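Asks: The chain contents come next:
2 protein chains.
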Amino acid sequence: MPEDVETAETAEAGARPAARPGGRNARVRSQILAATTELVARNGVAGLRYEEIAELAGVNKNSVYRNWPDRARLVSDALLQYAEDSAPLHDSGDLRRDLVDFLMVFSERLSSSVGRALLQAAVTAPGNTDLDEAVRTAYDRRFATVRKRFDSAVDKGEIPPVDSYFLTELLSGPVYLYVTRRRRPFTREVAEKIVDVVLAGIRATAP
Amino acid sequence: MPEDVETAETAEAGARPAARPGGRNARVRSQILAATTELVARNGVAGLRYEEIAELAGVNKNSVYRNWPDRARLVSDALLQYAEDSAPLHDSGDLRRDLVDFLMVFSERLSSSVGRALLQAAVTAPGNTDLDEAVRTAYDRRFATVRKRFDSAVDKGEIPPVDSYFLTELLSGPVYLYVTRRRRPFTREVAEKIVDVVLAGIRATAP
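Chains as they are written, first to last, in full-length UniProt numbering: chain A, 1 to 207; chain B, 1 to 207.
Think of the hints as simulated: they come from the structure by calculation, not from any bench. All values reported here derive from a predicted model rather than from experimental measurement. Hints are not guaranteed to be accurate.
Copies of the same chain look alike in the list, so a pair counts if it works inside one copy or between any two.
Stated by the list, open to error - As a list, the in silico DSS-like pairs of lysine-lysine whose alpha-carbon atoms are at most 30 angstroms apart: (1) 156 x 61; (2) 61 x 193; (3) 193 x 148; (4) 193 x 156.
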C-alpha cells in the first residue's frame, strides 16, 4: 500500500515536508523525485502524469500533489536531485581530488540509461520543449554549488580568481565527448590529466 | 533535368570521378554528399533512399549509384565531408590562430539544424544504429587530419609531444557544452581563452 507523506508525518506539524531531512518523508520525497526523473527521461515532460509517478515511487498520489502542487517545480527539483547525485562536488580540502571525483561520477551518470535519455532530450528541439527549459533550470541551480567550490579554492589561493562557468565547461566538456563518442575509455587517469592540464593552464594564464 | 555525371564526363575516361577535383563532377559529387548528409540528418541511415538523394541533389539516380555502389561508404563519405567543412583545421603556421578558427567553425556547425540533427542521432541508441557507426567512422577519418596539425606543431617545438586525441577533446569539449547548453554565447574571445588555457596547461604539465 502506498505511503501518504502528509498524513503520516507532516500534516500535524504544518511544516513543509522538506524541512525534515533524513526522515521517512525525506526518503519518500527522494523516491518521488527519482520516479519523476525516470518518467521524464522515458516520456518527456509533456507525457508526465502524477498517477504514474506515484505508482513508480510506490506512494499515494496525494503525496506527490501536496509536496509539489507545481508541476514545473517538481520536474526542476527532480532534475536537480539527479544532477547533484550525478556530480557531487565535495570540499575535502584537496581541490584536485574533488575535481577528479566530480568528473568520474559525471562520466558514470552520462553512461547510464537515464543520463543518456536526458541528454538526448536536452539536445532535441532546443528551446521548444518544457524539458529543455527544466534541464537548463536544474543546471543553473546545480551550477551555483559548483561555483561555491571554486570560490573556496580561490579564497585559499589554490587557483587564481576564475570565471566558474568557463572553468566548469573546460573540465566537463572533454568528459562529455569521451563518454558520448566512445572512442577511448574514460578512466581515472584521463580525469586526472584533464584536471592537471586545466588547473595548470588556469594558473599559467592568470593575469 | 538532372545531370548524369558518368555519361557526361567520366564514362569515356574510365576513371573514378573523384580523380578530377574542381571540375563539374567534383561539384556534382559534393552536391550528392551534401544531400546525403541532409537526408541522413532528417530520416536516419535506415530511411535513406538513392532516389531521394538524387532528387535533392538535382542529379540522375545513376550518378549516385555509380559513384557510390556501397551505401555505407556513401554515408561515411558524406559525414566526412560534412565534418571537414564543419571544422577545417588549417596550417597557417600560427597554431593558436588555427585552433581558434577551428573552434569557431565547429561551434557554428554545431548550432546548425543539420549539425543538431546529427548530434541528436549520434547520442540516440548508441551502438545500435548504422548512423552511430557512420558518425564514428567519419570521426575517425576526420581525426587523422587533426592529428597531422598537432604533429606539425610538435615538430616545430610549439607544443610538447602530446596525445592528439586527448588534446582534441580538451579543446572541443567546452565548445560543445557552450553551444548545446546555450547559457552563455560562444564568442571568439571564449575560443581564445580555451586555446590559451589548454596550450598553457599542456606546456606546463609536459613531463
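Asks: A separate judgement is required for each hint: does it hold in the structure or not?
Replies: Tested hints:
1. 156 x 61: neither (48 angstroms within a copy, 67 angstroms between copies)
2. 61 x 193: neither (48 angstroms within a copy, 50 angstroms between copies)
3. 193 x 148: both (23 angstroms within a copy, 22 angstroms between copies)
4. 193 x 156: both (23 angstroms within a copy, 24 angstroms between copies)
Violated hints, in rising order: 1, 2; the structure is consistent with all others.
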